[in-house]
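For the protein sequence lines, the chains are A and B, in the order given.
Heads up: the first sequence is residues 1 to 269, going by the numbering used here.
Heads up: the second sequence is residues 1 to 657, going by the numbering used here.
Hints were generated in silico from the structure; no laboratory data involved.
Among the hints, a few may not be true.
[Unchecked claim] Straight line, CA to CA, 16 angstroms or less: simulated EDC-like cross-link-like pairs of lysine to aspartate or glutamate:
| # | chain 1 | residue 1 | chain 2 | residue 2 |
| --- | --- | --- | --- | --- |
| 1 | A | K64 | B | D406 |
| 2 | B | K444 | A | D56 |
| 3 | A | K63 | B | E368 |
| 4 | A | K119 | B | D439 |
| 5 | B | K444 | B | E355 |
| 6 | A | K117 | B | E417 |
| 7 | B | K354 | A | D56 |
| 8 | B | K396 | B | E368 |
| 9 | A | K85 | B | E67 |
| 10 | A | K61 | B | E355 |
| 11 | A | K90 | B | D439 |
| 12 | A | K64 | B | E397 |
| 13 | A | K117 | B | E355 |
| 14 | A | K63 | B | E355 |
| 15 | A | K85 | B | D372 |
| 16 | A | K57 | B | D372 |
| 17 | A | K57 | B | E368 |
| 18 | A | K57 | B | D406 |
| 19 | A | K61 | B | E67 |
| 20 | A | K119 | B | E368 |
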Amino acid sequence: MKKLFHVLVISMTAAALFFPGSVFADDPKARAIMQKVDDRDDGDNMTTSMLMILIDKNGNKRKKYFKNFSKDYGKDTKRIMFIEKPANIKNTAFLTFDYDSAEKDDDQWLFLPALGKTKRIASSDKSGSFMGSDLNYSDMTDRELSDYDFRLLKETKLKGKKVWLIESVPRSEDVIEETGYKKSILAVRQDNYIVVKAKNWTEDGGYVKIMDVKSLKKIEGIWVSTEMLVTKRQGKNVVHKTELTLSDVKFNQNFEDDLFTIRRLEKGL
Amino acid sequence: MYQNMLISEDRKFKTIIIQTQAYSQKGNEPDDMEGFDEDFDEEFGKEKPVSEVKRPKIYLTEEENGEFVKAAEKILKKHNLPDTGIYMAGLPAVSYFLKTTMLKDMRKFMAMAVITISIFLMILFRRISGVLMPLFIVILSLLSTVGIMAFSGAALKLPTQILPSFILAVGVGDSVHILVIFFRRFNRTGNKKEAITHALGHSGLAVFMTSLTTASGLMSFLAAAVAPIADLGIFASAGVMLAFIYTVVLLPALISIFPLKPKKQSDSRPETALSVSDRLLTSIGNMSIGYPWQILVVAGIILTVAIMGMMRIEFSHNPVKWLPEKSAIRISNEKIDEVLKGSTSLEIIIDTGKENGLYDPAILNKLEKSVDYMENEFVSNKVSVGKAWSITTVLKEINQALHSNDKNYYTIPQNKELIAQEFLLFENSGSDDLEDFTDSRFSKARFTIKVPFIDAIAFTDFIRDVTKYFERNYPEAEITATGMVSLFVRVIASAIMSLRISYSYAIIIITMLMIFLIGRVRIGLLSMIPNITPIIIMLGIMGWMDIPMDLFTMLVGSIAIGLAVDDTIHFMHNFRRYFEESGDAGNAVLETLHTTGRAMLVTTCVLSIGFFTFMFADMKNLFNFGMLTGTTIIMALLSDYFIAPSLMILVNRKRKG
């Protein structure tokens with residue numbers, strides 16, 4: 001069961017370092033922590049409204065509004081997203097089947113209302129940007145812990161909460177290729193196993209993406225990060241920023257299976 | 001779309017374009033753990049965003065560029081197969097190879113020039129001390145100047161690379177002027193102390209005046225907007241003054257320490273260089289005294305021819321042409337320019353000023369027309385475009401892909417919504433690519449124009465014409481030309497422009513100093529004739545030999561001017577003194593030629609031959625530098641041997657009559 005935001009953060013975990021099978025031996029303590037992060041209940045049958053604000057280096061903002069639905073099918077997840085605003089791209093919609101199995105590439109479809117057509121999107125490479133934001137598709141999907149080596153760097157405090165800083169490094173070039181990250185450092189809160197901050201080093205372009213959870217709320221007993229700021233930097237310079245805000249978060253909705261079909265994708269909300 | 005961009009028309013060549021970052025990453029390497037600092041955001045809600053650190057933007061440094069090219073070269077070597085050719089080209093590669101080749105050649109030929117100068121000093125003075133002492137002054141001045149440079153943190157760039165040659169010329173000039181007078185006196189009297197005093201008294205003031213004039217002339221480089229040229233102005237001036245101080249302070253001390261024996265002039269072989277020169281100097285003097293008008297007429301004819309040549313000079317700056325024809329980077333550049341229609345590119349930013357401005361089919365259609373126009377019709381200063389592309393190229397591809405790859409859909413959709421959605425599709429696949437074509441607000445379009453590597457001056461026109469075209473066709477948008485080429489061209493063009501201004505200042509400063517030093521306006525102005533004549537002849541040679549006026553030529557011109565002015569000052573200073581002593585112009589001319597004239601002859605021989613060694617360089621600009629500077633030095637001597645005396649004879653004769 002994955003909630004969009006938790007998934008985002010876990011995926012940071014996905015990020016990774018240069019040398020596959022490198023000098024970093026896996027640290028069992030760090031792995032145990034990451035296992036708990038992975039096992040944490042993140043709800044199911046979820047619906048949210050999402051506001052995405054893209055901020056360029058000159059401070060210009062662009063807003064996009066989405067309506068998201070997601071449902072777990074065993075270990076797989078199906079997700080559908082409709083764009084509500086701006087008007088130019090209203091009703092453009094995405095359908096994603098996120099398969100747990102490593103062998104099977106995820107399925108993705110995009111519906112363009114102005115064309116009245118649905119396009120299937122190849123998804124073996126997840127390092128591409130999600131909707132022009134500073135997140136990529138790998139940030140949106142669940143990642144296998146077995147793909148990474150973890151190392152506990154230190155314990156510290158962030159915003160008054162005790163956290164573990166864990167470094168995660170992909171074990172293979174394939175993982176680096178797929179996620180676009182060669183290394184990550186994650187800050188995991190000790191009281192609730194939520195990743196509240198993550199830093200990812202991109203393989204291409206030499207960027208660093210810092211994902212910072214600005215607001216964390218308990219909704220229906222489940223921790224949800226409702227505000228997140230993603231900052232993409234090159235060295236010390238900010239290149240781009242993305243602000244994500246979730247509202248109307250609801251769990252355990254009664255979704256019909258036909259919500260996650262191309263027919264629904266084309267029909268709209 | 002990829003033809004002429006990634007693959008050649010005959011499908012035999014493909015290219016990989018590597019784009020370097022425009023800005024330096026020096027000091028921009030953050031700590032891995034930054035942002036996870038305990039104290040940093042300890043207090044909830046008071047967190048400062050980690051990211052808002054503003055730092056000044058510095059363009060990619062030469063070192064970074066060098067490292068980059070070296071890394072690329074290494075990769076190429078790894079992939080070199082026997083039956084395929086790999087070529088590396090483009091501005092970063094050119095500037096790197098240029099810099100390394102220049103440094104190597106400069107060093108090599110400086111060493112050669114020093115050796116030649118030493119040999120000729122030996123021949124002319126026939127004393128070890130006559131070689132060692134000038135070299136000591138030169139080396140000391142050079143070390144001090146470089147020391148000051150290092151201390152002030154100025155980097156050795158193309159303009160400052162000519163510093164060693166400059167100081168070599170000045171240092172040799174200063175010390176030889178003192179030494180010639182000293183040895184002549186010493187050989188006659190055998191009294192070292194008296195000879196030193198005499199030499200300093202005779203030429204010390206003139207050496208000070210030449211140093212002051214040259215340094216002041218160089219100061220005009222400070223007006224240059226381009227930092228390395230302003231640096232050259234400061235440090236070359238400093239070097240000139242240092243050489244002067246060492247010459248008047250250290251040289252006498254050296255002479256005192258050095259064990260020296262006077263050489264009797266009469267007893268040794270009469271046909272030595274010095275006694276031949278005695279006869280030569282006398283006959284030159286007699287010619288100027290006897291036929292001043294004739295000399296001036298001949299000079300006038302030569303000047304006319306030179307001025308005609310000067311009119312032919314073209315401003316052009318194409319560093320690729322400096323490289324020898326067989327050099328790998330020149331071949332690569334020419335190959336890529338030939339098969340792929342361009343190794344460099346110009347970027348035009350069309351800013352609609354409106355968010356989503358590029359969703360408008362009207363503007364996209366216009367961009368599409370511009371691509372077509374640029375590729376097929378646009379010509380500026382004989383330069384035509386190899387390939388042009390913009391966001392429309394991408395949009396057409398997406399549109400075609402969305403229509404089952406039907407070629408009929410390789411077009412721009414005429415529906416705002418569809419355009420927006422197709423862009424979203426692209427944005428969604430990887431915004432990094434999109435950044436190459438537009439900004440995240442879709443308000444600016446980037447228009448890329450690939451062109452062959454041409455000279456900076458032609459590029460200036462090209463960029464101006466391209467910008468004009470866009471401004472005319474997109475009146476509602478703001479047009480900016482950018483990219484490496486545009487940056488390079490702007491730097492070079494502004495350097496050349498500011499050097500032109502600097503030289504005008506230099507001439508004015510020198511004229512004023514000449515008037516001030518001579519003490520009479522009319523004579524001061526007249527002395528500018530022998531001053532400027534060698535420069536005009538040099539420009540004439542450039543014009544007739546089709547040597548373009550580029551940044552390097554303009555920089556080395558300062559050496560020529562400095563030396564030409566020195567000769568005139570030495571002549572005028574001594575002429576005036578002897579004229580006041582005897583009241584006879586003819587006598588004063590002969591007297592001047594036999595004392596200072598001899599020193600001028602020695603410095604001219606030594607320095608011109610020293611600079612002529614640069615003609616063995618493979619690099620064309622160094623060859624031209626050697627040839628032009630050497631020739632100017634000789635012309636300066638000739639004009640002070642013939643034109644200056646003739647003018648003085650005529651002026652003083654008239655006054656008497």
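- Enumerated hints in conflict with the structure, sorted upward: The structure conflicts with hints 1, 3, 4, 9, 11, 12, 13, 15, 16, 17, 18, 19, 20, although it agrees with all the remaining ones.
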